[in-house]
Amino acid sequence: MTEHSTQKTVQRKKVKKRSQLKALWFQYRKNRLAMFGLILMTLMLLTALGAGFLLDYDTQVIGQNIRARLQWPSAAHWFGTDQYGRDLFARIIWGSRISLFVGFFTVGIAMTVGSLIGAFAGYYGGRVDNVLMRIMDIFLAMPGTIMAVAIVGALGPGIINVLMAMSLCRIPQFARIVRSAIITIRGQEFVEAARCCGSKDLRIIFRHILPNAIGPIVVQATIGMATTILGVAGLSFIGLGIEAPLPEWGSMLSEAKSQMMYQPYLMFFPGVAIVLAVLALNLIGDGLRDALDPRMKT
Amino acid sequence: MTTKLLEIKNLYVEYVTDDARVFAVNGVDLDINEGETLGLVGETGAGKTTTALSILKLLPERVGRVTRGSISLEGKDLTRYTEADMRNIRGEIISMIFQDPMTSLNPVLTVGYQIAEVLKIHKDEKENRQVDERVDEILKLVGIPPERKHDYPHQFSGGMKQRIVIAIALACEPKLLLADEPTTALDVTIQAQVLSMMNELKRKLRTAMILITHDLGVVAETCDRVAIMYAGEVIEAGTVEQIFDPEAPHHPYTVGLFGAIPDLTKKTRRLNPIDGLMPDPTHLPEGCRFHTRCPRCMEICRTQRPALREENGHRLYCHLFAGGER
Amino acid sequence: MVPVILGLSFILFSIMELTPGDPARAMLGEYAPQEEVEQLREQMGLNDPFFVRYWRYVWNALHGDFGVSYRTNIPTVTEIKNRFPATLKIAFFAVLIAVILGIPVGIISAVKQYSAIDISSMVSALLFTSIPPFWLGLLMILLFSVKLHILPAVGSETWKHFIMPAIAMAAAQMATLVRMTRSTMLEVIRQDYIRTAKAKGAAPARVIFIHSLQNALLPVVTAVGISFSNLLGGALIIENVFGISGLGTLMVESVTGKDSPMLISSVLFAALVGGFVNLGVDLLYTFIDPRVKSQYLKRGAK
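Chains as they are written, first to last, in the numbering used here: chain H, 1 to 298; chain W, 1 to 326; chain R, 1 to 302.
The reader is advised that the hints may include incorrect statements.
As the list claims (entries may be wrong) - In silico lysine to aspartate or glutamate, EDC-like type, Cα no more than 20 angstroms apart, as pairs:
| id | chain 1 | residue 1 | chain 2 | residue 2 |
| --- | --- | --- | --- | --- |
| 1 | H | K257 | R | E17 |
| 2 | R | K258 | H | E243 |
| 3 | W | K57 | R | D192 |
| 4 | R | K293 | W | D151 |
| 5 | R | K112 | W | E83 |
| 6 | H | K22 | W | D18 |
| 7 | H | K30 | W | D19 |
| 8 | H | K30 | W | D18 |
| 9 | H | K22 | W | D19 |
| 10 | H | K30 | R | D118 |
| 11 | R | K112 | W | E61 |
Claimed, not checked - Partial selection, computed: residues in chain R whose CB lies under 7 angstroms from chain W:
| id | residue |
| --- | --- |
| 12 | D192 |
| 13 | Y193 |
| 14 | T196 |
| 15 | K198 |
| 16 | A199 |
| 17 | K200 |
| 18 | G201 |
| 19 | H211 |
| 20 | Q214 |
| 21 | T286 |
| 22 | P290 |
| 23 | R291 |
Stated by the list, open to error - With the C-beta cut set under 8 angstroms, the calculated list includes, among others, these residues of chain R facing chain W:
| id | residue |
| --- | --- |
| 24 | Q191 |
| 25 | R195 |
| 26 | D289 |
| 27 | S294 |
Bear in mind the hints are in silico, worked out from the structure with no lab data behind them. In this text, a Cβ means the ideal position worked out from N, Cα and C, and glycines have one as well.
This is chain H alone, in the form it adopts within the complex (with noise of 0.2 angstroms):
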């Protein structure tokens, strides 16, 4: 009887391990505004992907067509026409290709050197640690923009220049939560049979920490990502980020400028789009803390 029960409690233990995904799907949906999130975020990937198919590049997204300046929103253009005769409503779906492949990009690079170089800090501590951290405070004491800009500066604009620079910003965040999870981790039993086992540094560093550690470096993207499109735009406004006339949202908010007291629309749609894609990823991030940390639920 109690043996009987006892293999079941086992039993349990080990559907539970299986479905830990499962399980922190469960926690999200509960969630209605990480969902709403999710769902705004699919589709917005999902119109950038499909923007290739449904729009011509060089006619409809840079092609100029005076006769068609300026025009307010109609249903033949949606948002309206710039003053280059091109429809907003076009430049802003093909935007969203550029600002979500921009920020996967820098946040991807971030991620994977950040946390290479605090999974070596925090694994090896005493030195190493010291001086790799060190270099990432001075990252840390300047402001993202501050630092962009100077990069970007020194480099030139363009969307490869303007992906580097911020993912060299965003490297120091990865670097910290990587090395403070690993530190956390590192003393526990279960790596020190890895290692009592005869495993080695790298495999124990890759195949029992990073993945304990995967929590904090998804949430820390999804926001990173969020962070990083608005920097973008941000960088593209003042004319030190992505130039005219690839369509990018920031930049279109810095043509709309000068128009701005007769055709305000033309400000207003592109700054709805930063404002949704970065909320929907702000949700997400949000809700998959919550879903990852359920007593912090909130």
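We have chain H; now place chains W and R onto it with these hints.
Just chains W and R, lined up with the frame of chain H:
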């Protein structure tokens, strides 16, 4: 017989969360007389702390609530008291000591302030100097030099902190003290010190106490009466003598609890724990709650709730002893 | 702080090394003869090896000489002195707005968790963290200057000029503070010592103001420090929107004008300000957290 100070009748408490409904306390009857010490014994999760918190109406907001039953203090039903009325009870007439002294004190306030606070809340007519004097007096009582009242909690050791927590609880000389495992978080040597101090103070101030513990040794030393809880129910209660009497009939769970204490006089190779785990409080078993783990489980235990068997105040809920025979 | 500033100066110096173009050529103009440019390069020491130049920069900086702007020939320190007050004013007002509104709203949200106030303030906080400040600025100009004519759109002459930029910058920081205050407050409310306070019979106001607030404010104070340095970064873009000639526009001008000494000096200056703010935060900590205070005292005694 002396008057009943506190009487809990048929108390039910539930915790409701998003996912589940936890039946934490299920029909508890308890009473305590003035100046008496009642031991509340049971495993973690048996509902001991929940019972104590519901006396003070400090169950977690929005989650825990009393669904049935009454708690009367000197004949007045506390479950009907408003929050404002309860504040006059808390700290003044009933006070509570929590399990972990390390986290029970506010880290940014001096210990002197934290003791004086309870006096200021309840005895507001007193002047500052009087409060000051009283703080010194209480600190001396718990064996801490009064000049340390300007220090912050982090400057004290665990045992000292628990003494301060006790000082706060006893500052207004309450009629009833709820002590929730006051010594579990402390070193063994300090446990004894703190316990004997509590006992002495209790006698001096003529305070009644409900001592929550899972240490039967502590119970034997300090309590007048004992109630043993399992899965939110009192399954056996009586005087210390009755519970500790090996000749008297006992609930198999009580027997198991005593069996789990290693006996130094006998030669045994291993400890003798009770098999199995406490049942899931969201899905309590039918019949006797203990039947899933009971070594003497019978057919009837699976389906029917055991009835009360009372003999000279020794209460017992078990089918084994139904009808009076052993 | 000193090693951080030193490291930062090195990194900036290296980054500027990557900048294409010849400052000497830029200063003399496109049509100047090559010999003159060469002569100027020699004069400015631009032909020396990288480390020699860096060392010279540090050496001069230690003597208070942070170089001269390539564009205007004015010492960079003077230029910063002229430009910084405007930025400081906006940033200061923005922090003030964020703190005065953000912290109380966060506290109310936590205390009245799940109430209508809580939900609406959380949703608007989320919205504000997602709005680009410069866009918010543009919208405000549209409403208050173009439509209603109550506030001036550009410039920095009167206090009225600072209202919109300060609000535009404060919005996101305020939203962060609201969320932060709420979550730390909720965390503190769950602590055992709050239960102890309630068991003493303390009234809700006492529990919140005496027992919770000081504990909850510890992380919030750090957040305020961080938000101040974020604001210096945000000024870069906001000043552009409102045509304010401050530190931010100075940085942008030096980037577009390839004015490395100016850029390095202004970035270093921003870092220095950020560093001092953090130092202030640390000092404040010793006032509100007795644990930190006694650590300092112990170290002092040794």
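Do the hints match the structure? See the list:
no., hint, verdict
1, H:K257 - R:E17, "violated, 34 angstroms"
2, R:K258 - H:E243, "holds, 18 angstroms"
3, W:K57 - R:D192, "holds, 15 angstroms"
4, R:K293 - W:D151, "holds, 12 angstroms"
5, R:K112 - W:E83, "holds, 17 angstroms"
6, H:K22 - W:D18, "holds, 17 angstroms"
7, H:K30 - W:D19, "holds, 11 angstroms"
8, H:K30 - W:D18, "holds, 9 angstroms"
9, H:K22 - W:D19, "holds, 15 angstroms"
10, H:K30 - R:D118, "holds, 19 angstroms"
11, R:K112 - W:E61, "holds, 12 angstroms"
12, D192, "holds, 4 angstroms"
13, Y193, "holds, 4 angstroms"
14, T196, "holds, 5 angstroms"
15, K198, "holds, 6 angstroms"
16, A199, "holds, 5 angstroms"
17, K200, "holds, 4 angstroms"
18, G201, "holds, 4 angstroms"
19, H211, "holds, 6 angstroms"
20, Q214, "holds, 5 angstroms"
21, T286, "violated, 12 angstroms"
22, P290, "holds, 4 angstroms"
23, R291, "holds, 5 angstroms"
24, Q191, "holds, 7 angstroms"
25, R195, "holds, 6 angstroms"
26, D289, "holds, 6 angstroms"
27, S294, "holds, 7 angstroms"
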